[in-house]
Structures are given as structure tokens and as C-alpha cells.
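Here is how the chains run, residue by residue.
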Amino acid sequence: MKEKVIISLRRLAFLAMLVLLLPALSGCSSIAVLDPKGPIAAQQRDLMFLSTVLCAVVIVPVLILSAIIIWRYRDKADRKAAYTPNWAHSTKLEMIWWGIPIIIILALAIVTARATYALEPSKPLESKADVKPLTVQVTSLNWKWLFQYPEQGIASVNELKIPQGVPVRFEITADSPMNSFWIPQLGGQIYAMSGMAMTLYLQADETGQYWGSGANFTGTDFAKMFFDVHAVTAEEFMDWVEGVKQDSPKLTLDGYKQLAEPSASEKLTYSSFPEGLFEMTVTKYASSHHHGMSIHEGSAH
Amino acid sequence: MLESIKNWASDFFVTGDPLIYGADAAIVITLVAIVFGLTYFKKWGWLWRNWLTTVDHKKVGIMYILSAFLMMFRGGVDALLMRTQLAMPELQFLQPDHYNEIFTTHGVIMILFMAMPFMFGLFNVAVPLQLGARDVAYPFMNALSFWLFFAGAMLFNLSFVIGGSPDAGWLAYPPYSELMYNPGVGQDFYIWGIQISGIGSLMTGINFIVTILKLRAPGMKLMKMPMFSWSVLASCIAIIFSFPILTATLALLFLDRYGGAHFFTLDGGGNPMMYINLIWMWGHPEVYIIVLPAFGIFSEVVSTFSRKKLFGYKSMVYAMMIISILSFLVWAHHFFTMGSGANVNAFFALSTMVIAIPTGVKVFNWLFTMFRGRISFESPMLWTTGFIPCFVIGGMTGVLLSVAPADFQYHNSYFLIAHFHQVIIGGVVFGYFAGLYYWWPKLFGFKLNERIGKWAFWFWNIGFYLCFMPQYVLGLDGMTRRLVTYSWDKGWWGLNLVSSIGAGLMGIAFLFQVWQILHGIKHYRSNLDTTGDPWDGRTLEWSIPSPAPHYNFAVLPQVSDQDEWWEEKQRRQKEGYTAVAPEFSPIHMPNNSGIPIIMAGCWFLAGFGFVFHWLWLIIPGLAGVALCMLAHSFNYDTDHYIPVEDIKRTEASIWGAANL
Amino acid sequence: MSSSQVTEASAHAHHDQHPDIEEMRLLGFWIYLMTDVMIFGTFFATYIVLKNSTNGGPDPANLFELGGVIASTFILLASSYTCGLAVLAMNKGRLRALLGWLAITALLGACFIGLEISEFAHLVNRGATMGTSAFLSAFYTLVGTHGLHVSLGLVWMVALMLQLAKRGITPVTKRKVQVISLFWHFLDVIWIFVFTVVYLMGVS
Numbered sequence: 090m091k092e093k094v095i096i097s098l099r100r101l102a103f104l105a106m107l108v109l110l111l112p113a114l115s116g117c118s119s120i121a122v123l124d125p126k127g128p129i130a131a132q133q134r135d136l137m138f139l140s141t142v143l144c145a146v147v148i149v150p151v152l153i154l155s156a157i158i159i160w161r162y163r164d165k166a167d168r169k170a171a172y173t174p175n176w177a178h179s180t181k182l183e184m185i186w187w188g189i190p191i192i193i194i195l196a197l198a199i200v201t202a203r204a205t206y207a208l209e210p211s212k213p214l215e216s217k218a219d220v221k222p223l224t225v226q227v228t229s230l231n232w233k234w235l236f237q238y239p240e241q242g243i244a245s246v247n248e249l250k251i252p253q254g255v256p257v258r259f260e261i262t263a264d265s266p267m268n269s270f271w272i273p274q275l276g277g278q279i280y281a282m283s284g285m286a287m288t289l290y291l292q293a294d295e296t297g298q299y300w301g302s303g304a305n306f307t308g309t310d311f312a313k314m315f316f317d318v319h320a321v322t323a324e325e326f327m328d329w330v331e332g333v334k335q336d337s338p339k340l341t342l343d344g345y346k347q348l349a350e351p352s353a354s355e356k357l358t359y360s361s362f363p364e365g366l367f368e369m370t371v372t373k374y375a376s377s378h379h380h381g382m383s384i385h386e387g388s389a390h
Numbered sequence: 025m026l027e028s029i030k031n032w033a034s035d036f037f038v039t040g041d042p043l044i045y046g047a048d049a050a051i052v053i054t055l056v057a058i059v060f061g062l063t064y065f066k067k068w069g070w071l072w073r074n075w076l077t078t079v080d081h082k083k084v085g086i087m088y089i090l091s092a093f094l095m096m097f098r099g100g101v102d103a104l105l106m107r108t109q110l111a112m113p114e115l116q117f118l119q120p121d122h123y124n125e126i127f128t129t130h131g132v133i134m135i136l137f138m139a140m141p142f143m144f145g146l147f148n149v150a151v152p153l154q155l156g157a158r159d160v161a162y163p164f165m166n167a168l169s170f171w172l173f174f175a176g177a178m179l180f181n182l183s184f185v186i187g188g189s190p191d192a193g194w195l196a197y198p199p200y201s202e203l204m205y206n207p208g209v210g211q212d213f214y215i216w217g218i219q220i221s222g223i224g225s226l227m228t229g230i231n232f233i234v235t236i237l238k239l240r241a242p243g244m245k246l247m248k249m250p251m252f253s254w255s256v257l258a259s260c261i262a263i264i265f266s267f268p269i270l271t272a273t274l275a276l277l278f279l280d281r282y283g284g285a286h287f288f289t290l291d292g293g294g295n296p297m298m299y300i301n302l303i304w305m306w307g308h309p310e311v312y313i314i315v316l317p318a319f320g321i322f323s324e325v326v327s328t329f330s331r332k333k334l335f336g337y338k339s340m341v342y343a344m345m346i347i348s349i350l351s352f353l354v355w356a357h358h359f360f361t362m363g364s365g366a367n368v369n370a371f372f373a374l375s376t377m378v379i380a381i382p383t384g385v386k387v388f389n390w391l392f393t394m395f396r397g398r399i400s401f402e403s404p405m406l407w408t409t410g411f412i413p414c415f416v417i418g419g420m421t422g423v424l425l426s427v428a429p430a431d432f433q434y435h436n437s438y439f440l441i442a443h444f445h446q447v448i449i450g451g452v453v454f455g456y457f458a459g460l461y462y463w464w465p466k467l468f469g470f471k472l473n474e475r476i477g478k479w480a481f482w483f484w485n486i487g488f489y490l491c492f493m494p495q496y497v498l499g500l501d502g503m504t505r506r507l508v509t510y511s512w513d514k515g516w517w518g519l520n521l522v523s524s525i526g527a528g529l530m531g532i533a534f535l536f537q538v539w540q541i542l543h544g545i546k547h548y549r550s551n552l553d554t555t556g557d558p559w560d561g562r563t564l565e566w567s568i569p570s571p572a573p574h575y576n577f578a579v580l581p582q583v584s585d586q587d588e589w590w591e592e593k594q595r596r597q598k599e600g601y602t603a604v605a606p607e608f609s610p611i612h613m614p615n616n617s618g619i620p621i622i623m624a625g626c627w628f629l630a631g632f633g634f635v636f637h638w639l640w641l642i643i644p645g646l647a648g649v650a651l652c653m654l655a656h657s658f659n660y661d662t663d664h665y666i667p668v669e670d671i672k673r674t675e676a677s678i679w680g681a682a683n684l
Numbered sequence: 331m332s333s334s335q336v337t338e339a340s341a342h343a344h345h346d347q348h349p350d351i352e353e354m355r356l357l358g359f360w361i362y363l364m365t366d367v368m369i370f371g372t373f374f375a376t377y378i379v380l381k382n383s384t385n386g387g388p389d390p391a392n393l394f395e396l397g398g399v400i401a402s403t404f405i406l407l408a409s410s411y412t413c414g415l416a417v418l419a420m421n422k423g424r425l426r427a428l429l430g431w432l433a434i435t436a437l438l439g440a441c442f443i444g445l446e447i448s449e450f451a452h453l454v455n456r457g458a459t460m461g462t463s464a465f466l467s468a469f470y471t472l473v474g475t476h477g478l479h480v481s482l483g484l485v486w487m488v489a490l491m492l493q494l495a496k497r498g499i500t501p502v503t504k505r506k507v508q509v510i511s512l513f514w515h516f517l518d519v520i521w522i523f524v525f526t527v528v529y530l531m532g533v534s
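Protein chains in written order, with this note's numbering: chain A, 90 to 390; chain B, 25 to 684; chain C, 331 to 534.
Simulated from the structure, these hints should not be mistaken for lab results. Some hints could be false.
[Said to hold, decoys possible] Only pairs whose alpha carbons sit at most 27 Å apart, straight line, appear in this in silico DSS-like list of lysine-lysine:
hint, chain 1, residue 1, chain 2, residue 2
1, B, K248, A, K181
2, B, K478, B, K248
3, B, K238, A, K356
4, B, K514, A, K181
5, B, K248, A, K165
6, A, K169, B, K83
7, B, K546, B, K245
8, A, K165, B, K245
9, B, K238, C, K496
10, B, K83, B, K66
11, B, K338, B, K245
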């Protein structure tokens with residue numbers, strides 16, 4: 090029963106969106122955000138639909154009402170509609186239209202507040218007991234993405250491979266101007282900032298090819314910061330890791346420095362990376378935020 | 025020697041792109057033509073006495089609006105260049121760095137150098153007349169505000185030909201806007217252009233608050249004040265609390281870049297997130313600063329053209345004041361994705377939604393002002409009817425964006441771009457157009473051609489929806505803002521092409537408006553407004569001749585009602601009404617002054633010096649500013665009285681002696 | 331219209347149209363002070379956010395010496411007092427006393443600025459510059475902005491004294507004195523906050 094209500098709500102919402110996003114909407118399935126492939130993106134899409142419906146409850150009647158009023162009360166010679174030039178106040182009516190938005194906003198506020206806590210990006214995803222989340226450390230460089238797999242000991246550039254059905258814990262930082270890490274079909278974005286490691290949990294429910302991007306402007310080749318996301322089966326993922334370990338070069342510290350130079354990049358894979366590279370990148374900027382050494386040791390803060 | 029001069033020049037002037045050479049040539053030719061024209065027709069003295077040194081609010085307003093149109097042209101060309109580049113995938117029309125400069129200047133110019141002066145122009149044009157005042161509270165400062173804005177705008181636009189434009193987006197987020205990533209001078213042009221004009225904005229805010237509080241005609245209680253003046257008050261309150269934050273923030277960014285400070289740098293303990301917080305503490309109120317006066321205009325227009333009292337006057341006032349205050353409590357909704365945690369995000373999501381309530385109330389009040397009215401669709405009303413659906417939908421997508429977890433998907437995408445263009449074009453620009461068409465006859469004494477105006481209206485509207493509706497879908501399809509290009513395989517090209525066509529239509533619409541104005545000037549004799557009240561208006565500005573004489577009101581009106589002029593017209597039609605012959609008395613008026621333009625010129629020089637780190641220019645520039653201030657302080661000959669004879673003569677020449 | 335009517339009308343007009351033009355200017359200055367509060371507020375907030383970001387450089391505790399700061403605090407407080415006396419003298423119509431108190435106020439203000447400059451010079455000599463750390467950037471900006479306000483106030487005060495000497499106490503000069511005294515007290519209040527937030531809370 091509840092599910093049915095949700096489904097019909099969703100249909101209604103979709104209809105509302107269709108009306109509002111009129112032109113060239115060639116079916117939902119081809120629009121990234123509306124075609125989620127993971128639990129986070131799916132919840133976010135439902136939230137988008139629900140909030141659209143709630144808004145449409147007021148907006149659509151208002152649009153219709155304004156069309157009617159503008160048409161009916163236009164000035165013309167043989168007009169029959171009433172004309173009351175001094176009617177300018179009605180407590181009852183004004184109560185109604187202070188009331189309606191308040192009710193709608195209240196409903197939306199409750200939905201939003203709940204969802205804000207439920208979809209807090211750093212909140213771990215629930216998964217089956219035997220599935221351990223995979224950690225990927227993401228660094229935004231000018232103008233490429235570096236992905237490190239600390240558990241597998243490998244790294245890649247502009248190519249993200251993740252096992253399907255496994256929660257992925259992204260730890261995100263930047264060795265560049267602030268960026269934003271976004272894979273539309275898996276879930277919402279979060280900023281990649283120097284000196285901080287942001288946590289974002291995502292998961293792909295289906296195998297397939299998706300893409301991600303840097304959503305916050307970072308300079309010249311910002312537009313080349315798209316990356317491929319492959320969600321593959323657990324076996325394929327293991328095979329890929331093995332393959333990278335065998336065939337790819339190592340990422341050395343010097344290699345990283347070169348990689349961090351401003352330029353766009355092809356897809357690359359590395360069979361290893363310097364130990365603690367990610368932490369080093371974060372602390373490089375973070376150290377200065379905290380109390381530095383004082384001239385006199387031990388002085389009070 | 026020659027070689028080093030050549031090297032310096034190629035650094036100093038922007039080179040390399042044929043587009044820029046073309047623009048350079050156009051600028052030089054225009055300037056030469058203007059100088060030649062003024063000299064040939066011996067108009068320098070006229071220009072200086074009547075315009076450059078004027079402190080008359082109406083003329084200041086006209087100069088603001090003229091500048092705003094110039095800036096709209098520049099910002100619009102930027103927009104068209106961007107849309108051309110994005111029309112098809114993988115186009116090479118603009119190089120990335122050039123594209124980055126263009127979207128930056130487009131944003132800065134449209135908000136700060138188009139919307140703001142347009143708004144201030146309308147303040148100047150309408151507020152003193154609506155209040156029954158003879159000028160603003162501080163006419164000298166008013167002229168100074170304009171010239172500071174103008175100096176700032178020119179400094180910012182100079183970056184187009186000298187030194188290079190800023191390219192860090194309209195809000196210049198660090199660390200990208202810091203020296204480390206952005207060593208050129210573009211960012212310094214940005215800082216000083218905005219800083220100088222920002223001082224002007226701040227002074228205008230103070231000026232109009234005092235004007236509204238102190239210079240209302242006798243009998244005009246605050247709760248009888250026209251709604252536009254209320255909206256100006258609400259907007260100015262937001263200005264005086266938010267613009268100082270902008271000034272302070274840009275000063276800090278400047279210290280980072282010029283003085284080696286570490287406020288927002290990645291090294292030295294700087295904190296870029298602080299900048300993002302600070303800039304939005306100004307940036308969000310700024311949005312309401314520009315939209316509130318548009319609400320005021322719609323209120324005036326809806327009531328005038330429905331020939332009906334504004335519905336729910338009190339509600340409107342409260343709604344506007346609530347919006348003005350709430351606008352300071354929502355800034356973090358611009359960066360839900362910064363990871364501030366669920367508590368912070370929930371707070372800012374909810375405070376944002378709350379703003380929808382008073383805004384919604386305003387829409388209902390407008391609708392019920394029209395309800396049982398007698399609506400006629402001259403230009404101002406046409407724009408208002410175009411505004412309502414556009415703003416309602418734009419407002420709705422704004423509420424959608426405020427749902428924090430969903431915003432993780434909308435943020436930085438074209439969905440956001442479409443949203444804010446919809447509220448800013450549909451709300452602000454349409455509103456200012458409505459205001460301009462509404463007060464045009466009052467300003468210039470003639471009406472504009474309605475037919476050409478209709479063409480402009482429809483091109484604007486159709487162009488708008490074609491341009492921005494597809495962008496909502498593109499955003500949902502993952503297209504992020506500020507992309508210079510995109511690949512074929514994303515499937516975005518169809519919608520982008522439609523969007524670019526829409527932008528082109530809006531460009532044509534702008535041309536229609538320019539034509540409309542030129543046409544109006546050419547045929548002004550046949551469209552004269554001899555009544556002073558072309559729309560059957562309701563407020564005091566329609567009780568005086570068009571264009572208003574420089575002292576506005578020969579006799580200050582005595583106000584007893586909310587729509588004073590409308591009521592007065594009713595009274596005059598009643599039987600037994602006898603006109604009282606006006607009793608004139610000498611009118612106290614401020615003197616013209618050359619100090620504002622000279623002081624702004626000195627600021628311009630100082631700003632230019634700061635951009636290039638030229639101490640030899642900074643010091644005389646700032647010294648000039650100080651001297652101007654002292655000169656003004658020591659000048660006690662600041663005003664004069666217009667004798668009664670002159671007033672009588674002026675009034676007689678307007679109305680005909682018999683009517684006096 | 332007889333001449334007496336004209337004068338009456340013009341007096342009436344003056345009353346009617348310009349409800350105390352000088353009072354109106356004073357109101358504008360109050361509003362300006364609000365905007366300045368926002369500027370200082372922003373710098374205070376910045377300072378509080380950044381005061382622990384010392385980047386390995388000196389922190390408030392080992393940088394500030396309260397002695398000199400307390401001295402300059404008293405100097406500024408005293409100047410606020412003398413500024414008040416100047417306004418009192420003006421209200422009694424005593425031009426010479428007014429000029430004298432203003433001169434003393436300006437002198438005290440100059441001492442304050444002198445002390446501030448020597449403090450800054452001392453800090454820079456110890457290697458604590460604007461570029462050392464975010465904390466010091468914020469420190470110099472906050473305290474320096476206050477100092478800049480005081481310095482501008484000094485120039486303004488001297489200019490005003492010249493005007494007073496030339497024109498005596500008129501409604502216009504009276505309003506100008508009121509404005510600068512407002513400004514001066516305002517800077518005093520700001521300094522109390524600077525003293526508390528930067529110095530007292532810094533060394534404790």
C-alpha cells in the first residue's frame with residue numbers, strides 16, 4: 090500500500106517535472122540525475138520529486154489563477170466582470186495566503202530536515218554484514234583526478250573502478266584550487282578542499298559505465314576533468330587490481346610531483362603509490378591551520 | 025630600448041585575439057567620435073554644466089540608467105559569446121582562458137555594473153518624486169555615488185584592453201583568485217573596480233534611507249508611503265549591512281595579493297572557506313537588494329494598470345521587511361556541499377525555505393490587486409504579466425535548491441544557472457524594464473512606441489524560456505557550470521543549441537529596445553506627455569509635469585492618503601471642489617559641484633595604480649581624493665534659493681499662464 | 331507679495347522643506363557608523379577565526395606586551411573625554427575653549443597613533459610581519475584599520491579647527507563638531523573591543 094502511494098506520488102511528481110521542464114525532455118531514463126544507479130542518488134532523486142510535488146501543489150494553481158485573473162479582468166469595452174477600485178483588504182484572504190505557504194514550507198522543512206541527516210555525506214552506508222566498504226582516496230589536481238586504493242595499494246588517474254554493490258568510502262582532498270567531486274548517477278557532490286579530507290559514501294547498485302566530473306571551476310583545463318566510473322563485479326574488480334599491479338608503473342613521489350603540475354591527463358594506472366601520500370597531501374596544507382610552534386615552547390593557548 | 029618598450033606594451037595591453045583587436049578598434053573609434061562630436065558642436069561646456077557636475081537626482085538617475093544600458097550591452101555580448109561557444113560540442117571558438125574571463129566579466133558586470141546602477145537609477149528617478157521631495161537627502165553625495173560607480177565600472181572594463189580580465193568567476197573564490205594560481209592583474213582590476221563602485225553603493229544606501237525617513241512630504245506617514253519607496257527602504261537597509269562586508273572581504277583579498285597577507289591563501293594558515301562564507305554574507309543579501317525594488321515596481325505598476333488600490337498594503341510592507349532581514353540568515357545555502365555537517369545544512373535549508381513564505385504572499389497580493397480590477401496592458405503592465413509566471417517558477421526551483429541533500433545534485437550545475445537567471449532576468453530585469461517604461465514619460469516628457477516595445481517584450485520572453493528551460497534539464501543531466509566545452513558523447517548538444525538560440529533572441533530583443541528608444545527620441549514631438557499623468561497614476565510623481573522641473577514640486581504637496589494623487593483626482597471631480605491658487609515661496613536647492621567627478625577620477629587613478637603596484641600613481645591618486653574631500657569640507661557655498669519669480673515663470677511655461 | 335510676506339514664507343519654507351538639515355546630516359552619520367560597525371565586525375570575526383593559525387610563528391601570548399597597550403588605551407580614553415569637553419564648551423558657545431579641547435584631543439590622538447606605529451615597528455623588527463602568518467595578517471588588519479580611522483579623524487579634526495577659527499560656531503560647524511565627536515567616541519568603543527579581544531584575551 091505504502092509503496093503504491095510512493096509510486097503514484099513519484100508519477101505525479103514526474104508529470105509535474107515534465108510540465109515544468111518542458112522542452113526536449115526525451116524521457117527520464119536518459120537524464121543522469123533522474124536515472125540513479127545507486128542508493129544515494131536514488132534517495133536524492135526521490136527527494137527532488139517529492140519537493141517538486143510539494144511546490145507544485147501551490148505553484149500550479151497560482152499559475153492557473155493568474156492566467157484566469159489576467160484574462161478575466163482585462164480592460165475592454167463590453168466587459169462584465171466586477172470592478173472594485175477600493176477593495177484592498179481582506180483579513181480572511183490574507184490569512185489564507187500566509188497560511189498556505191506556511192503549511193507547504195512546514196511540510197517541506199520536515200522532509201528536508203530528515204533527509205539532511207539521513208543523507209549526510211559522511212554517514213556510512215548500510216550494507217550486508219559480510220560486505221566491507223572499499224576506501225578510495227581522491228585528490229583533485231590541476232586538471233585531473235588521482236584515485237588511490239589504499240587497501241589494494243594501487244592508484245589511477247581519471248578512471249575510477251569500483252565493485253558493484255559495495256559501499257565506497259571516498260576520502261576527498263585537493264592539491265589544487267577547490268574542486269567538487271561529483272558522479273551524478275551515483276549521488277551528490279562534495280567539495281574537494283586542500284587541507285581537508287572530506288568523506289563521501291556512494292555505492293553503485295548496477296554494473297555499468299558512468300562518469301564523474303569536477304563540478305567547481307579550477308582554471309584553464311577545468312573542462313577536462315571528467316573521469317570514467319566503471320562499476321564492475323567483485324571478480325572483475327579483483328582482476329583489474331591484479332592487472333594494474335602487474336602491468337602498470339609505480340607512482341613515485343617525483344612522479345606525483347610531475348602529475349601535480351598543471352596539465353590535463355589521459356587515463357593512467359599505477360601499481361603502487363608512496364606510502365601516506367594522501368595524508369601528506371592533506372597535512373601539507375592543514376598543518377598551518379593548527380597551532381604552530383610558538384617562539385616559547387609551552388606557552389598557553 | 026625599442027624592444028623593451030615593445031615587450032612592455034605587449035604585456036600591458038591585451039593582445040593575441042582578433043576579437044580583442046576588433047573591440048579595441050571599436051572602443052578607440054567610439055571615443056574619438058564622442059570627443060570630436062562634443063568639440064565640433066561646442067558641447068563641452070553644456071556637458072560639464074548640465075550633466076557632469078549636476079547634483080539633480082533626476083539627471084543622476086538618467087546617467088545611472090544610461091550606464092546600465094551600456095553595461096548591459098557589454099555583459100550581453102559576453103553572454104552571446106559564451107552561448108556561441110557552447111552551441112555545439114567541442115567548438116574552438118573561444119580558448120579556455122578567454123572563456124573563463126568572459127563568464128567572469130559577464131557575471132560581475134551584469135550584477136554589479138548593470139543591475140545595481142539600473143536599480144540606483146530608478147531609485148533616483150522615482151523616490152524623491154514619490155515622496156514629494158525636492159531632492160535626495162544628500163545631493164552632493166548622490167552625485168559622488170554615481171561617479172564612484174562609474175569610475176569603478178570603467179576601471180573594471182579597462183581590464184578588457186589593458187592587463188587582462190579577471191577569470192576566477194564573479195565571486196572570485198580563493199585559492200584560485202590568489203596570486204599562487206592567478207598572478208595576473210585581472211583579479212586586481214576586479215577588486216578595485218568593485219571596491220570603488222562599492223563605496224558608491226554604500227553611500228547611496230545611506231542617502232536613500234535618510235531621504236525616505238526625513239524628506240517625505242508633510243502628512244505622508246510611513247504607512248502611507250508608496251510601495252516602491254518601501255521597497256527601496258528595505259533594499260537600502262540590506263545595502264548598509266551587507267556592502268561593508270563586501271568591502272572588508274575584498275580588502276582582505278587585496279591584502280593577500282598586494283601585501284603578502286595570509287587570509288585566504290593555502291599557505292601561512294590562511295582559510296579560503298572563510299572567504300566563501302564572507303562573500304556570501306554579502307552575496308545573498310545582494311540578491312534581495314536588487315530584487316526588492318523590482319517587487320516595489322511591480323506593486324506600483326499592478327495597482328496603476330489595474331486601476332485599483334494595492335491589495336494588502338500592510339502585508340506587502342511586512343513581507344518586504346521580513347525578506348530584508350531573512351536575507352542575512354541564509355548565506356550558507358550557497359555551499360551545502362562544503363561538508364559543514366547536517367546541523368548547519370538543516371538550519372540554512374530551513375531558513376532559506378522560510379523566505380518563500382513572504383515572497384509567496386506578495387505574489388498573491390499582486391494577483392488580488394488585479395482581481396476585480398480593470399487591467400490595461402501598456403508596456404509596464406506587460407512586463408509585469410511576463411514577470412509573474414517566470415518568477416513563480418524561478419522561485420520554485422529556488423525552493424528545490426534549498427533542499428540541502430538534493431542540492432548536492434543541483435549544485436554547480438546548469439540547474440542552478442537556470443534558476444538564478446530565471447529569478448534575476450524574470451524578476452529583476454523584467455522589473456526594472458517595467459519601471460523604466462513606467463517612469464520614462466516622467467523622465468523625458470514623451471512616451472515610447474508601444475509596438476516596438478511589444479516586439480522587444482516577446483523576443484525577451486520567448487528567448488528567455490528557450491534559453492533557460494533547457495538548462496534545467498542540462499543541469500539534471502550533469503552539465504556543470506563554467507565548462508568551456510563538452511564532448512559529443514554526453515548528449516548535451518541539442519539542448520545547448522536550443523539554449524544558444526534563445527540567447528540570440530534575447531540579444532535581438534535588446535536591439536529592439538535600443539531601436540525603441542532611438543525611435544522615441546526621433547518622434548518625441550508626436551508622443552509628448554503634456555498631462556504629466558500619462559497612466560492615470562496614483563502617486564505624487566504623476567501630479568507634477570513631465571519632465572519634472574528641476575525643483576520637482578513648485579509647492580510641496582500635503583498628503584492625506586495612501587494613493588494621494590489618485591484620491592486628489594477623485595476629490596477634484598467631486599462637486600463643490602474649488603482649486604486653490606498655489607502660493608509659491610523661494611525654493612532651497614543644492615549647487616552643482618565638480619568635486620564628485622574629480623574625486624572619482626582620483627579614485628580611478630589610485631585604483632589603477634593599485635592594480636599595477638605603481639606607487640607613483642597611488643599616492644597622487646589618494647592625495648587627490650583627500651584634497652577633494654577637504655575642498656568640499658571647506659566649501660560653505662553649497663546651496664541657493666530659487667526666487668518666486670523664477671518658479672512662476674517656469675510653471676507658467678509648462679502649464680500655460682492661464683492655469684496658474 | 332510684500333517683502334514681509336516673502337521673508338515669512340521663506341522662513342516657513344525653510345522650516346517645512348528642510349526639517350533641520352543639520353539634524354538630517356547627523357542621522358546620516360549615525361547610519362554611516364552602522365556600516366563601519368559591519369566593517370570592524372568582519373575584521374573581528376576574521377581575527378577570531380585566524381588567531382590560532384600562527385603557521386609556526388609567534389602567537390599572541392608571546393608577542394604582545396600589555397604595558398604599552400594599556401598606556402595607549404588610557405590615552406585614547408582621555409582623548410574621548412576631552413572630545414566630550416569640547417562639545418560641552420561648544421554648547422556653551424565658548425569658541426576658544428572648544429578649539430583648545432579639540433587641539434588636546436587631536437594631540438592625544440596623535441600620541442596614540444605614535445605608540446601604535448612604534449608597536450608595529452617593534453613587532454616587525456622581531457620578524458612578526460603581515461606575511462608571517464594568518465594570525466598576524468588579521469592582527470595588523472584589524473588594529474591597523476582602527477589606526478587608519480584615528481589618523482583620518484586627526485586630519486579631519488585639524489580641518490575642522492581651521493573652519494571653526496574662520497567661521498565660529500554656526501549651525502553648520504556645530505553639526506560638524508558633533509559628527510567628529512561621534513566618530514571619536516565610536517573609535518574609542520571599537521578600541522575597547524580591540525583591547526579586549528586582541529590584547530587581553532591574547533595574553534591570558
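Against the structure, the hints come out as follows:
no.: 1; hint: B:K248 <-> A:K181; result: 22 Å, holds
no.: 2; hint: B:K478 <-> B:K248; result: 34 Å, violated
no.: 3; hint: B:K238 <-> A:K356; result: 67 Å, violated
no.: 4; hint: B:K514 <-> A:K181; result: 52 Å, violated
no.: 5; hint: B:K248 <-> A:K165; result: 31 Å, violated
no.: 6; hint: A:K169 <-> B:K83; result: 44 Å, violated
no.: 7; hint: B:K546 <-> B:K245; result: 42 Å, violated
no.: 8; hint: A:K165 <-> B:K245; result: 36 Å, violated
no.: 9; hint: B:K238 <-> C:K496; result: 31 Å, violated
no.: 10; hint: B:K83 <-> B:K66; result: 21 Å, holds
no.: 11; hint: B:K338 <-> B:K245; result: 13 Å, holds
Figure legend: structure checked against the earlier numbered hints; hints not met, in rising order: 2, 3, 4, 5, 6, 7, 8 and 9.
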